[in-house]
Amino acid sequence: MSDTPTHDGPTKGPNRRAFLRGAAATGVGLAATAKATAQDTPDPLITEMQDWASSTGEGVDASPYGMPIQFEGDVVRRNVPWLTADVISSINFTPIHALDGTITPQGCAFERHHSGAIELKKEDYRLMINGLVDRPLVFSYADLERFPRENRTYFLECAANTGMEWAGAQLNGSQFTHGMIHNMEYSGISLRTLLEEAGLDAAGDLADKWVYVEGADASSNGRSIPMEKALDDVLVAFKANGEALRMEHGYPVRLVVPGWEGNMWVKWLRRIEVTDHPIESREETSKYTDTLADGTSRKWTWIMDAKSVVTSPSPQMPITHGKGPLVITGLAWSGRGAISGVDVSIDGGKTWQKARLAKEGEKMALTRFYLDINWDGSEMFLQSRAHDDTGYVQPTKAQLREVRGENSVYHNNCIQTWWVKENGESENVEVSS
Amino acid sequence: TPSFAEKLGLGRVALPDEIAAWNHDIGPQGQGLPMGSGSVEDGEMIFSENCASCHGEFAEGVDNWPKLAGGDGTLADKDPLKTVGSYWPYLSTVYDYVRRSMPFGAAQTMSDDDVYAITAYILYSNYLVDDDFVLTNENFMDVEMPNADGFIIDDRPETELTIFTEANACYENCKETVEVTKRAAVLDVTPQEEGAEAEPEAAPVEQAAADAPVEAAP
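If you're matching them up, the sequences are chains A and B in order. For the first sequence, my numbering begins at 944 and goes up steadily by one. For the second sequence, my numbering begins at 20 and goes up steadily by one.
Bound conformation, chain A alone (with noise of 0.2 Å):
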């Protein structure tokens, strides 16, 4: 084996604001930089015989499972200390500044744990399937490989996403705005499937029972969903994006559960109860409820609604080419249904402008969008608006706000600013409405 390039962790070189705050300093305004001008010098990478030009690169054996290239390394996950009390109740993002298109790399997807990421074989599985069914049941996960199976792609995004933006604008950067969401392609198995196999004869009326789930782990992260949902769309998961799940993503089995807030998609899924009343466990009562101004509570708020952001240029993304063509581009995905269309305003809302989607917006799905300009170099304010197909449009916070106060903590799906100045840096601001 040869020395494979590994990283584990951020690379130790120059980074884009160490390189942008070099640049001010020496007077050299990067956003003065005209369009592409001619070039006096041939380029040595170009004239000169570079060694992989020559020698030979890495063999097939070098990397049985490989990791992105270490010029990538700083398109990791990232935690925020201060956000929780240990690491292992807690919460990390994904880098979604970096990424494009819809799909995210499983190895920086966001987790969030509440008892830590547990390493559970599947020799080691089981699913029970209990309460009023007619037969409770236990399975194997060779017993799940069984089922009939289906193929679905789903955002994941956690209630808590953009929480810490409710009462102002606090983190620079969208990996930690909006970066507590993954979207994969799921393989599994419908829980109805698994339902009807149990015998559902025994709950009666099904419309109003519910299935109650919890995970293997220590928190259990217990949570209640209606019948109605359980029998729609859930999905008991063993793959994403073609392969098993990660270990911090609920290996072997998890649950997907379309549009609706990640708390619920329970993690390393242990058992399914029919119940004939919602439990009211501690992550639909204590967290996960949305407290309002006047000091009541929305509870059973499951469902993410409408939202999007711009990726880049983002506080992690400054412009660094000057003037002239710019992609704008960034994610937009509702819980509700497909994304119709995303306007994207670079005057902080004066104006708004229609955004392309890369492709059609697939139900409960990231949607990936651009808008090309070309830049002068002036200020922009930054914003984009999510529009799903139930008609609904993204708000803005200050709309939000109107409805719920600023203790809500959950489910702020608030139109985000970022300020591009005339540098190419960009930051995190709120705007008057």
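Some hints here could point you the wrong way.
Claimed, not checked - Taking lysine-lysine pairs in the DSS-like style, the calculated list, with each CA pair at most 27 Å apart, reads:
(1) A:K1364 with A:K1266
(2) A:K1182 with A:K1064
(3) A:K1242 with A:K1306
(4) A:K1266 with A:K1297
(5) A:K1182 with A:K1306
(6) A:K1230 with B:K97
(7) A:K1242 with A:K1230
(8) A:K1230 with A:K1152
(9) A:K1230 with A:K1172
(10) A:K1302 with A:K1182
(11) B:K97 with A:K1242
(12) A:K1364 with A:K1293
(13) A:K1172 with A:K1152
(14) B:K26 with A:K1065
(15) B:K26 with A:K1172
(16) A:K1152 with B:K26
(17) A:K1182 with A:K1065
(18) A:K1242 with A:K1172
(19) B:K194 with A:K1293
(20) B:K194 with A:K1297
(21) B:K194 with A:K1364
(22) A:K1182 with B:K26
In case anyone wonders, no lab produced these hints; they're calculated from the structure. Owing to the predicted nature of the structure, the values given are computational and were not obtained by experimental measurement.
With the hints as your guide, set chain B onto chain A.
Below, chain B without anything else, positioned relative to chain A:
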């Protein structure tokens, strides 16, 4: 009623002992409560030994660890303190969660009676019962939780979906001026990439309203 598919005959019947080992959830009306009891007095000792290093001797919380008591009447404040006493609607959740998932790092190690005692002590710490109180499966539902009526079912369909619509989406001349009112850089709490230093701030704008970072994912 939906029509159900043929069964595939996969899996096996769960045995009573297996269901008993995993089926521990307790409903808001006390469904599933085990037989047992525990006093405030015993709870104080058990709490001190198993819980107080994070949650404090009086359940008031240590450092950033959750506060289990206090905050009465603060839910409409700028910074509400949400605890068992001030916020949680059902006592069943306390018993269920403590028995299933606490102590943090050594969950499911306490007896049913211990959990009754700890629950009694948390009630006492919230001034909801006297110091001679004994909590049992029989009197469990008699305890009144102050915020039991503090929750409404998701009302976004009525309060939001009617407003945030295509009909109200503006495209031209949507506002006169755009002024920066909050800046994340002023707060400066974002983890920096290695090698990057805090940037000096020059532009005089209004200080971000969020004085302290909020706990977003407790």
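Holds or violated: K1182 (chain A) with K1306 (chain A), Cα cutoff 27 Å?
Satisfied, since the Cα-Cα distance of roughly 20 Å is no more than 27 Å.
Would you mind confirming whether the straight-line C-alpha gap from K26 (chain B) to K1065 (chain A) stays at or under 27 Å?
holds (24 Å)
Mind checking the alpha carbons of K1364 (chain A) and K1293 (chain A) for me, to see if they're no more than 27 Å apart?
holds (18 Å)
Distance restraint between K194 (chain B) and K1364 (chain A), which requires alpha-carbon spacing of 27 Å or less:
The given pair, whose Cα atoms are some 21 Å apart, holds under the 27 Å limit.
Distance restraint between K1182 (chain A) and K1065 (chain A), which requires alpha-carbon spacing of 27 Å or less
Holds, because 13 Å separates the two Cα atoms, which is no more than 27 Å.
Check whether the Cα positions of K194 (chain B) and K1297 (chain A) lie no farther apart than 27 Å.
OK: K194 (chain B) and K1297 (chain A) at ~18 Å, within 27 Å.
Given the hint that K1364 (chain A) pairs with K1266 (chain A), does the C-alpha gap stay at or below 27 Å?
holds (12 Å)
Is the hinted pair K1182 (chain A) and K26 (chain B) satisfied, with a Cα-Cα distance of at most 27 Å?
holds (24 Å)
Would the hint linking K1242 (chain A) and K1172 (chain A) be met if the CA-CA limit is 27 Å?
holds (16 Å)
Taking 27 Å as the top limit, are the C-alpha atoms of K1182 (chain A) and K1064 (chain A) close enough?
Cα-Cα ~14 Å, so holds.
Does the alpha-carbon distance linking K1230 (chain A) and K97 (chain B) stay inside the 27 Å limit?
Holds, at roughly 18 Å.
Holds or violated: K26 (chain B) and K1172 (chain A), Cα atoms, limit 27 Å.
holds (21 Å)
Hint violations for this structure: none, all hints satisfied.
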